[in-house]
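Trainee: Sequence:
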Amino acid sequence: MKKKFSEKQIHILDIAEKLIAKKGFEGTSIRDISTTANINVAMISYYFGSKEKMMSYLYRYRVQKTRESFAEFAEIIKDGKPEMQLKELVKYVVNQLFKFNYFHGFVTQELRHTEHLKDDLLEFYTTFTSKIDDVIKKGLASGVFSNAPKPEDILTLIVGSSLFVIRNKNFYELYVSGKEENYLQDAERKILANLLVTVFSLVGYHAS
1102 MKKKFSEKQI HILDIAEKLI AKKGFEGTSI RDISTTANIN VAMISYYFGS KEKMMSYLYR
1162 YRVQKTRESF AEFAEIIKDG KPEMQLKELV KYVVNQLFKF NYFHGFVTQE LRHTEHLKDD
1222 LLEFYTTFTS KIDDVIKKGL ASGVFSNAPK PEDILTLIVG SSLFVIRNKN FYELYVSGKE
1282 ENYLQDAERK ILANLLVTVF SLVGYHAS
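Convert by adding 1101 to the 1-based position in the sequence shown; the result is the number in my numbering.
Just so you know, the hints here were simulated from the structure itself, not pulled from any lab data. Please note that a few of the clues may not be correct.
Each computed DSBU-like pair below joins lysine-lysine, with the alpha-carbon atoms no more than 35 Å apart [to be verified]: (1) Lys1166 x Lys1238; (2) Lys1188 x Lys1119; (3) Lys1154 x Lys1270; (4) Lys1239 x Lys1166; (5) Lys1192 x Lys1219; (6) Lys1219 x Lys1152; (7) Lys1152 x Lys1179; (8) Lys1182 x Lys1154; (9) Lys1239 x Lys1179; (10) Lys1280 x Lys1239; (11) Lys1123 x Lys1188; (12) Lys1188 x Lys1219; (13) Lys1154 x Lys1239; (14) Lys1192 x Lys1182; (15) Lys1179 x Lys1200; (16) Lys1109 x Lys1182; (17) Lys1166 x Lys1119; (18) Lys1123 x Lys1239; (19) Lys1152 x Lys1182; (20) Lys1200 x Lys1291; (21) Lys1119 x Lys1239; (22) Lys1182 x Lys1124; (23) Lys1152 x Lys1270; (24) Lys1200 x Lys1124.
From a predicted model like this one, the values you see are computed outputs, not experimental measurements.
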């Protein structure tokens, strides 16, 4: 079930997200957030309980926003050719994972097993796999795809590969050319190119 956030909560979460994206979770203090949001420090405790719990709220808020943006995105591409839709779907997920990469190091075992987060993520994952399934079926019907891999396996491939690259910079940067400060952008381009080749191979794409 979608959680309702108050306007004040959304204001605080938007500020917190921007600061954490720049400075990281450890580098962002409650005072930083309250000062930038122009609120009393006590308001953080009132609305969220603690900095760690606020991050849980922020993660859930981000998942909900991603689900909403994906629904809009899927509507925009729905009339495109299957191969275009498949490419855009892969790009969408990779971009979201890299854009909000600062979440992945924070999400602990405990947070991942918080029921409401699991439910929100499950809804997004099943929505995405359903869309992938539809696109594959359209591609098969039109003859541009010759294979029907499981959509959940495609999602696993995309998410697993992207998170590996995000979490293992010390390894993957050995194979990414460019400046260290541009690592995420360069790594995203590299893994996206590889994933597109792999996914299109899996579906047996035949260019017309």
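Trainee: If a hint holds in the structure, say so; if it doesn't, say that too.
Mentor: Hint by hint, here is what the structure shows:
About 28 Å separates the Cα atoms of Lys1166 and Lys1238, which keeps this hinted pair within 35 Å; it holds. Distance hint between Lys1188 and Lys1119 is fulfilled; the C-alpha atoms sit about 29 Å from each other, no more than 35 Å. For the hint pairing Lys1154 with Lys1270, the CA-to-CA distance comes to about 27 Å; that is within 35 Å, so the pair holds. At most 35 Å may separate the alpha-carbon atoms for a hinted pair to count; Lys1239 and Lys1166 meet this at roughly 28 Å.
Restraint check for Lys1192 and Lys1219: satisfied, since their Cα atoms lie roughly 23 Å apart, inside the 35 Å limit. A distance of roughly 20 Å separates the Cα atoms of Lys1219 and Lys1152; the hinted pair therefore holds under the 35 Å criterion. Restraint check: the Cα-Cα separation between Lys1152 and Lys1179 comes to about 40 Å, which exceeds 35 Å; the hinted pair is violated. A hinted pair counts as satisfied when its Cα atoms are at most 35 Å apart, and Lys1182 with Lys1154 does not qualify at roughly 43 Å.
With a C-alpha separation of about 11 Å, the suggested pairing of Lys1239 with Lys1179 holds against the 35 Å cut-off. Between Lys1280 and Lys1239, the direct Cα distance comes to roughly 41 Å. Violation of the 35 Å bound is thereby established for this hinted pair. Among the hinted pairs, Lys1123 with Lys1188 is consistent with the structure: their alpha-carbon atoms are about 30 Å apart, no more than 35 Å. Proximity of Lys1188 to Lys1219 is assessed by CA-CA distance (about 27 Å); at most 35 Å being required, the pair is judged to hold.
For the proposed pair Lys1154 and Lys1239, the alpha carbon gap of about 43 Å is over 35 Å, so the pair is violated. Of the pairs offered as hints, the one joining Lys1192 and Lys1182 holds, with about 16 Å between alpha carbons and a cut-off of 35 Å not exceeded. At roughly 24 Å between alpha-carbon atoms, Lys1179 and Lys1200 fall within 35 Å of each other, so this suggested pair holds. Restraint check for Lys1109 and Lys1182: not satisfied, since their Cα atoms lie roughly 42 Å apart, outside the 35 Å limit.
For the hint linking Lys1166 to Lys1119, the alpha-carbon distance of about 15 Å falls within 35 Å, and the restraint holds. The hinted pair formed by Lys1123 and Lys1239 fails the criterion: a straight-line CA distance of about 41 Å is larger than 35 Å. Restraint check for Lys1152 and Lys1182: the C-alpha separation of about 45 Å exceeds 35 Å, so the hint is violated. Simply put, Lys1200 and Lys1291 have alpha-carbon atoms about 15 Å apart, close enough for the 35 Å limit, and the pair holds.
A C-alpha spacing of about 39 Å is found between Lys1119 and Lys1239, which places the hinted pair above 35 Å, so the restraint is violated. A hinted pair counts as satisfied when its Cα atoms are at most 35 Å apart, and Lys1182 with Lys1124 does not qualify at roughly 41 Å. At most 35 Å may separate the alpha-carbon atoms for a hinted pair to count; Lys1152 and Lys1270 meet this at roughly 26 Å. Restraint check for Lys1200 and Lys1124: the C-alpha separation of about 15 Å stays at or below 35 Å, so the hint holds.
In summary, the structure is inconsistent with hints 7, 8, 10, 13, 16, 18, 19, 21, 22 from the numbered list given earlier, while agreeing with the others.
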